[in-house]
Structure formats: C-alpha cells, structure tokens
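There are 2 protein chains.
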Amino acid sequence: MELPRPRPWNHEAEKAARAHLDQLTKPPGSLGKIEGLGAWLSGITGACPPRVPARARLYTFAGDHGVTAEGVSPYPSAVTVQMVLNFLAGGAAVNVFARHHGVELVVVDVGVAGDLSMCRDTEHARFVNARVRPGTSNMAVEPAMSRAEAEAAIATGIRMARAAAADGIEVIGAGEMGICNTTAAAACLAAVHGMPGKLTAGRGTGIDDAGLARKARVIDAAIARGQPDRHDGIGILSEVGGLEIAAIAGLCLGGAEAGIPVVLDGFISTCGGLVASVLDEGVRPYLLVSHKSAENAHWAMARSMGKEPLHDLDLRLGEGTGAVLAIDSLRLAAKVMNQMATFASAGVSNRS
Amino acid sequence: MELPRPRPWNHEAEKAARAHLDQLTKPPGSLGKIEGLGAWLSGITGACPPRVPARARLYTFAGDHGVTAEGVSPYPSAVTVQMVLNFLAGGAAVNVFARHHGVELVVVDVGVAGDLSMCRDTEHARFVNARVRPGTSNMAVEPAMSRAEAEAAIATGIRMARAAAADGIEVIGAGEMGICNTTAAAACLAAVHGMPGKLTAGRGTGIDDAGLARKARVIDAAIARGQPDRHDGIGILSEVGGLEIAAIAGLCLGGAEAGIPVVLDGFISTCGGLVASVLDEGVRPYLLVSHKSAENAHWAMARSMGKEPLHDLDLRLGEGTGAVLAIDSLRLAAKVMNQMATFASAGVSNRS
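Going down the list, the sequences are from chains A and B.
Note that the numbering used here gives residue 39 to position 39 of the first sequence, counting from 1, and the numbers run on in steps of one.
All you need for the numbering used here is the position in the second sequence, starting with 1, plus 1000.
Among the hints, erroneous ones may be present.
[Stated by the list, open to error] Taking lysine to aspartate or glutamate and the EDC-like style, the derived pairs with C-alpha atoms no more than 20 Å apart in a straight line are:
no., chain 1, residue 1, chain 2, residue 2
1, A, K307, A, D280
2, A, K198, A, D220
3, B, K1307, B, E1281
4, A, K292, B, D1312
5, A, K33, A, E308
6, A, K198, A, D208
7, A, K307, B, D1314
8, A, K292, B, E1308
9, B, K1033, A, D314
10, B, K1292, A, D314
11, B, K1335, A, E104
12, A, K335, B, E1123
13, B, K1033, A, E104
14, B, K1292, B, D1314
15, A, K292, B, D1314
16, A, K33, B, D1314
17, B, K1292, A, E308
18, A, K335, B, E1104
19, B, K1335, A, D314
20, B, K1307, A, D312
21, B, K1307, A, E123
22, B, K1335, A, E308
23, A, K33, B, D1312
24, B, K1292, A, D312
25, B, K1335, B, D1022
26, A, K335, B, D1314
27, A, K307, B, D1312
[As the list claims (entries may be wrong)] One-sided and incomplete, this derived list gives chain B residues near chain A with beta-carbon spacing under 8 Å:
no., residue
28, P1074
29, V1128
30, V1348
Worth flagging that the hints you see were computed from the coordinates, not collected in a lab.
Where a beta carbon is used, it is the ideal one built from N, C-alpha and C, also for glycine.
Sequences are here, hints too, so could you generate the full structure?
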C-alpha cells in the first residue's frame, strides 16, 4: 500500500517558540513539560505562538481478539460490544473525560466480533462502521489477520485523520477498546524489539500471576509461529497485531500527513504509534505519548520511540482517557504562549 | 493563639466511595490516582458520590524575605511587587492556568516589602492587603519575624479559608510568590526534620552551583542561630519561615476546620502544609499535594507528610500553577463518580 508522507517539521518556529518561552514572566523552564508542549505545537503548526487548538477529536477504535481463547483476560469478549454501547450512551470513563475537556468522541468499529448493527450516532459519540473483519484469529495458532486486512484497517485510520483535517480538527487523540488487546500490543512490542513475552506482558485489566505467565507464553508462541520481520509493520500486524492497533497506526500516518498532532493514549495506542513508526519513522515527531500507563512495558515502549510520557496518574484503562488529559494540556500550553506577559511588557525584572 | 479544629473525617462515605468506584464500568483501580481523589472528596464531604466542586478559589500569598541579602536568588526582591502587579493585570502563568480551569484567584499581600498601595481588585484577581510587615528579617543573622507576627500571618490564612467557606467555595488552592522563599521553605523543612541545608536546598528559580552551596550554608547558619524546636510550628516560622508560608499554614488549618479540601501547590505551599501539620497533625487528611515539584526536596517533604504528589510535570514555578491543575483533576474525579454508568446499569459483564 502507498503510505501518506509526513509533513515537514518547522524547526524555525520551534526555535522561535523556545526563545519566546524564555521571555515570558517566569524563570526559564519553570513550567516544565508544559513548555515543551508549546514548542512542539509550534514545530508542528509552524506558528509562534501556536494557535490554541479549538476543536479536538478522539477516535476510539474497537476490535476483538481471537487470542481471547487462550484465557489472557478476566473479561469475556462480549464486553467489547457492551462497552461500545456504553460509549454511545455516554456512560463510560472516556465520555466523562471527553465532556470535561471539550473533546469530540468518534467510536470506530474496525473489527468487533459481536453485533453492532443497532449502533447510530448519539449526542455522546459518533459511530463509524468500518469493520474489516469480526475480530482477529488466535495469534497463538494462526496469523491474526491477512496482510490485506491489516492494510484495510490502516487505511481506515488514515481516512479518519483526513476526515478530521477536512473538518478543521486541530488535535487528534487515539484511543481503543478491545478485550485482550494488551496481549496483541505486547506481542507487537516483542516483535519490533525482539523482546521475550515475559518483558512485554502486563496485567491488562487485572489478570493474576498464573494468567500473566500464560500471557507471556502465548506471546512467545505467537512470535515463534509467525516469525514477523521487525522492519515489516504490515507483517507484524498481520501475525500478532490487532485491527484497532492497525487503525491507530493509520491515524498516526494520516495525522502526520495533515500536520496535526496525534495524542496517543496508553499501552495499545502507543503500540499503534510504534507500528506507524516502523512503517515510516518520519511519523514520530507528530506523536505525543499522553501518559505513563500502569501497564508494565508501556514506559519501555514509549522510550523506544524516544518519547517521554506526559502525565503519570497510574491510569491503565485505555479508551482514550489519558489522551483527553494530554489534549487539555496542549491547549493550556498554547494559552501560556499566547496569553502570558513578557518581562518587557509587564515591567518585570529579569535575572540579575 | 487558639487554632481551629479540623472537622471529623467521614470514613463511611470514603468506604462507600471505594465500593462505588468498583461498580463503575472499568476494571477496578484502572483510573489510578483519579479514583483516589474521588474517594478522598467523599471522605471530606461525607457524600458518595461527592458533589462536583463548582467554585474553586486559589489564594496566592505574597511575601518578601530578608535573606535575599545573602544572594540566594538570581532575581531581585523587586520582582515580588512586579509579579503581584502582573497577577492583577492577568499576565502571569497562574492567570492563564486559573482562567483555563475556571478557578478564582485572590492575591494576598501578607508581607511584601515594596509599595502595593496602588493595588485594587481587577477582572483577573482580587487583591487583599493583609500585610503583617514589609518582608521578613534576614534569618541568617536574626529571627525572620516575631512570634506575634507569625501568628498574625497564620490568622490571615485562617480568615481567608473562613471567607471562602462563607462564599460557598468547595475547593481551596494555596499558592505563593516571594523572591527567596524557597530558602525559607527549605529552612523550615530542615527545622522540622533535622535535615542539613544541603539536603533541603534546591535551585529555586535557577541558581548556579555556587549559589546552591551558599543557600545550604545560609540555611544551616539560620538553624544554628535560631535553634527552633521541631514541635513548635510558630517558633519555626518565627526563626526561619516566611509570612506567606505562615499564611498558607493558616489556610490549611481554616480549610480543615471548614471541611474544605486544600490543594497545595509546590515546594513553598507544601511547606505551609507541613508547618500546619506541626501545629495540628489532624489537618493532614485535608491536604492534597498537587504535583511533584522539580525543586530538590519537595518529594521528600511531601512523603514526610504521608503524601504522594498527584501530577508530575516538572513544574517549579509556584504561584499556584500546579494547584490549579490538581483542582481540575478533583472536578474530573467527582464527575467520574457522578456520571459513569455501573456494570449493572449499562449491562456490561463484570469479571468472568
């Protein structure tokens, strides 16, 4: 498939932003990571100060996983459908977070196994039926999906990013829902970095020690079976990935093409970003890791992409909750750059 | 002086909150620290779910420090006055943060050295003239203030908390401005825990290595001179404290009396909470440490109070910026408890 090309970075605007930040009435660097966000927005948008992002949209991609058959989650697969209905009814955590911070929510069925034919847009979320197939196959015994299916899911993510750009969205968030998708994300991480399942598996929604050991074995078995090439993003997705992970990879590619920041949620969403950067490492600068998930290997995954997670609140829910928090931080960072007085304008003495 | 008594904690409501949180449509504990905040609000307010705090008010106390004479800050003392004017003009970081999150700002002159007679309420902040004295004396050579002055500053903080309660404020934030006040806060920490200046001094607004060593020596000299009793909060403030630190201690006491959560900003504000808990350890449950400051000893200070800082964004500005972020997190936590569906109400399967 032909992938979109990331827009060039504006190094001059980013540099100007750092100089501007040092003129604001505060000790240099004293707003910590908030300052970094502001300069990052300048680099992406080419504006110093950057516009305060008005419209933000979170895409929450839902998909199921054949690997559920291996007993790697305490929740049944039916929960994926139930939670999609919960998103549309406005009762999930991500709805509360998105309403609180003024972020639009779009729920995309990219591969749910159960029936969602009754789903329509609601006041709480838009619904997009882009189902590639009803859940993946069990990666422990066969490829999760075909290469064509992985590409179709990536294309869905690209299409969503392009639609957001056309709608005037200035920040895109990536979230997900899918029982057992921490197993798929951990397997992708294992494939990209040649890590054993023991180092990439975590407790997900809350498995016990025996479940954790089983999860690690399942990951090792899937990698041993599929032997994915670490430089082949499509192959990794096809052998051990998930449809929502593929769609998030596409969302990253499409965001980078449009020059829109893409805010990744937790372990699974960051994995989408990891796969996107395997497909095209030029996508990386456009990605923000919103928070440090409580899931075991998330920090290592983020660091392997050269990313320092923004927030650290022990979240491990997914859905896009952490992404919403970081989107709000981006708005705050832009406001700092637009609204703060300078030493000169406020008549404040600079360092003696 | 007679100190206000903290309101009793509602353990039943806190317990009910934890049980309620586990019925919401998410894996137990998966919202991390956000869940803890919700239960905390229930414990304080006695309601499960807790009301979403509508009106929040940040008190930013300003004071000057005689220890400036020792060369422990790269900024001149005049900046304290200049920054108070900046707060009232709406151009400081705390203004941007407070506007963004809908938090009222009150700036209190509890001990600024320069002229603020021109100050009036503005659309950006209310101004309170409660100056006890024009800055402290140089703690390196004499007591920072008298016991009576420390008590007067504490009384100011108590009065502000009571005024907030009378106004229907549901969350109080504590912030500060004062050139060299990290030196006073580090000296108070040294006094309370018997620590050497080397372990409590940090770079503040940005001193170099030589300045840092000088700051540590000044702290040690002040402690050696004043020999404050670690159990005597008034004595500690009087010998090595600051007027804004004393006022924040009073704000904590008054908040606990009114049963209102008090959100502490960074190193200096947390020091106000530390001194408050020396005065009455019953105040501690009402205090939230909003973030982990980049200032050296802040984490140790918070931990010594049994507190885990909420956010971690490398902020080291003060003013109340971090407190504003945590106030918003409190609102989000309350909304989670009020707005999320339960497994039963949403028809979502719980753990298999």
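Against the structure, the hints:
Proposed proximity of K307/A and D280/A is supported: the alpha carbons are some 16 Å apart, at most 20 Å. The hinted pair formed by K198/A and D220/A meets the criterion: a straight-line CA distance of about 8 Å does not exceed 20 Å. For the suggested pair K1307/B and E1281/B, the alpha carbons sit about 13 Å apart, so the restraint of at most 20 Å is met. Restraint check: the Cα-Cα separation between K292/A and D1312/B comes to about 11 Å, which is no more than 20 Å; the hinted pair holds.
Distance restraint check for K33/A and E308/A: the Cα-Cα separation of roughly 10 Å lies within the 20 Å cut-off, and the hinted pair is therefore satisfied. For the suggested pair K198/A and D208/A, the alpha carbons sit about 14 Å apart, so the restraint of at most 20 Å is met. Distance check on the hinted pair: K307/A and D1314/B sit about 16 Å apart at the alpha-carbon level, within 20 Å; holds. A hinted pair counts as satisfied when its Cα atoms are at most 20 Å apart, and K292/A with E1308/B qualifies at roughly 16 Å.
Straight-line distance between C-alpha atoms of K1033/B and D314/A comes to about 6 Å, which keeps the hinted pair within the 20 Å bound. With a C-alpha separation of about 14 Å, the suggested pair K1292/B and D314/A falls inside the 20 Å cut-off, and the hint holds. Distance restraint check for K1335/B and E104/A: the Cα-Cα separation of roughly 17 Å lies within the 20 Å cut-off, and the hinted pair is therefore satisfied. A distance of roughly 18 Å separates the Cα atoms of K335/A and E1123/B; the hinted pair therefore holds under the 20 Å criterion.
This hinted pair does not check out: K1033/B and E104/A have alpha carbons roughly 24 Å apart, beyond 20 Å. Between the alpha carbons of K1292/B and D1314/B the distance comes to roughly 7 Å, so the proposed pair stays at or under 20 Å and holds. With a C-alpha separation of about 14 Å, the suggested pairing of K292/A with D1314/B holds against the 20 Å cut-off. Of the supplied pair hints, the one linking K33/A and D1314/B holds, its CA atoms being roughly 6 Å apart against a limit of 20 Å.
Of the pairs offered as hints, the one joining K1292/B and E308/A holds, with about 16 Å between alpha carbons and a cut-off of 20 Å not exceeded. The suggested pairing of K335/A with E1104/B holds, with an alpha-carbon distance near 17 Å, which does not exceed 20 Å. Annotation: proposed proximity of K1335/B to D314/A holds, straight-line Cα distance about 18 Å (limit 20 Å). The straight-line distance between the Cα atoms of K1307/B and D312/A is roughly 16 Å, inside the 20 Å bound, and the hint therefore holds.
Among the hinted pairs, K1307/B with E123/A is inconsistent with the structure: their alpha-carbon atoms are about 40 Å apart, more than 20 Å. Proximity of K1335/B to E308/A is assessed by CA-CA distance (about 28 Å); at most 20 Å being required, the pair is judged violated. Between K33/A and D1312/B the alpha-carbon distance is near 9 Å, which keeps this suggested pair within the 20 Å criterion. The suggested pairing of K1292/B with D312/A holds, with an alpha-carbon distance near 11 Å, which does not exceed 20 Å.
Using a Cα cut-off of 20 Å, the hinted pair K1335/B and D1022/B holds, with the two alpha carbons roughly 15 Å apart. In summary, the hint linking K335/A to D1314/B is supported, as the alpha carbons are separated by about 18 Å, within the 20 Å threshold. Of the supplied pair hints, the one linking K307/A and D1312/B holds, its CA atoms being roughly 16 Å apart against a limit of 20 Å. Because the closest C-beta pair between P1074/B and chain A is about 4 Å apart, less than 8 Å, the hint holds.
Using the Cβ-Cβ criterion of 8 Å, the hint placing V1128/B at the interface with chain A is not satisfied: the shortest such distance is roughly 21 Å. Because the beta carbon of V1348/B sits about 4 Å from the nearest beta carbon in chain A, less than 8 Å, this interface hint is met.
Taken one by one, the earlier hints fail for this structure at numbers 13, 21, 22 and 29, listed in ascending order.
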